[in-house]
Amino acid sequence: MLKGHLDMIVLAALAGGPSHGYGIIQEIKARSRGAFDLPEGTIYPALHRLEKSGLLASHWATAESGRKRRIYKLTRRGQRALSDHRALWQRFTEAIGGLFGEKSHATGRSNR
Amino acid sequence: MRLGDPIAEYGAAIARELRFDASLARRVRAEAEDHLLEALAGSSEPSAQEAQRQAIRAFGDPSELARAFVPLALQSLARRAAVLLALAVIGIFAAMVARVAWYGWMQWPPGEQLRAANTIGVPADRLAFAIAFIFALMALIYTMTRRAPPRLHAAYGHEIRRCIAMGTMAVLALFVAIATETILTGIRLVESDVDASALVPAFSLVAEAALAMGSAACVWASRRRLSLALQLTGQD
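For the protein sequence lines, the chains are P and V, in the order given.
Under this note's numbering, the residue at position 95 of the first sequence is numbered 95, and the numbers go up by one with no gaps.
Under this note's numbering, the residue at position 65 of the second sequence is numbered 65, and the numbers go up by one with no gaps.
Derived by calculation from the structure, the hints in this document are not laboratory data.
This one's a predicted model, so the numbers in the text were calculated from it and none came from an experiment.
Wrong hints could be hidden among the right ones.
To be verified - Covered by chain V, per the in silico footprint, the following chain P stretches (three or more residues, Cβ under 8 Å): (1) 15-22; (2) 41-50; (3) 66-75.
Every residue, glycine too, gets a C-beta built ideally from N, C-alpha and C.
Please model the complete structure; the sequences and the hints are all you need to start from.
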């Protein structure tokens, strides 16, 4: 499930502001309460892919430790894509929720 | 590489796996090393060695990581080669037009032998250049309309191979066109009194040859890098 939604997860993790790869992974773990514990390296192909598609922009920066690090941020297109994903996901969860609700309701009725 | 430093060794392993794209390898290595050092700094594990092992394990297998970069890297590789080839074809065409315009401006009519050679040489040159143009254009359109899949599959590998094959055909046709033009220009120069005005056709031919050689080098490098990338995914 995670593989198909990795791009959306990365975009959502960057909604709070620019970050580097490790920061994005930490954000994903924290906001999913540890549910998305993916191999950390897998985020980098996704970041590069999203950058190539124009949804992210990146630049080298120097960390406090003096190390060079790549910082990623959402572009305007990325923000729009995230809004679209969010709306689609909302509709999907509502539909599934309705389906499960209907089913349990129907089951309840048939048990009566 | 710092010997005995697992993070540096891991970074080197990633760079080795990504050897099909040197600039990508440098970037991913720097990002991975920064990531691992950051994970180390945030680790609560008392043993530094164990913390390094955990961070590396959590990052994943270098081969697996490199394989995930292959589709995107191949797309960039094919697009870059196709764009450079298209620019070379345009450059060669400009050099050809400039040379013909120079003959007209200098009122440099063809001699007896050149007129005879032109009956075969000019159609051959035009045909070869048209083939090069068509293949270069096809390669450009083909690469620009293909999307890199999230994970490499055999069909995408074939698409990139097809693009490189089109580029190879275009380069071969360019060499035929330039060889024909070299012969025709040589006959023209032999038939007339060579003076400083001969420098322009000579220079245009050198420029054409340089562009064709550059295109050939680019297509050859792309073939080699494609082969390295596909070896990694077991598709070569």
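Evaluated hints:
{"no.": "1", "hint": "15-22", "verdict": "holds (count 3)"}
{"no.": "2", "hint": "41-50", "verdict": "holds (count 6)"}
{"no.": "3", "hint": "66-75", "verdict": "holds (count 4)"}
Checked against the numbered hints above, the structure violates none of them.
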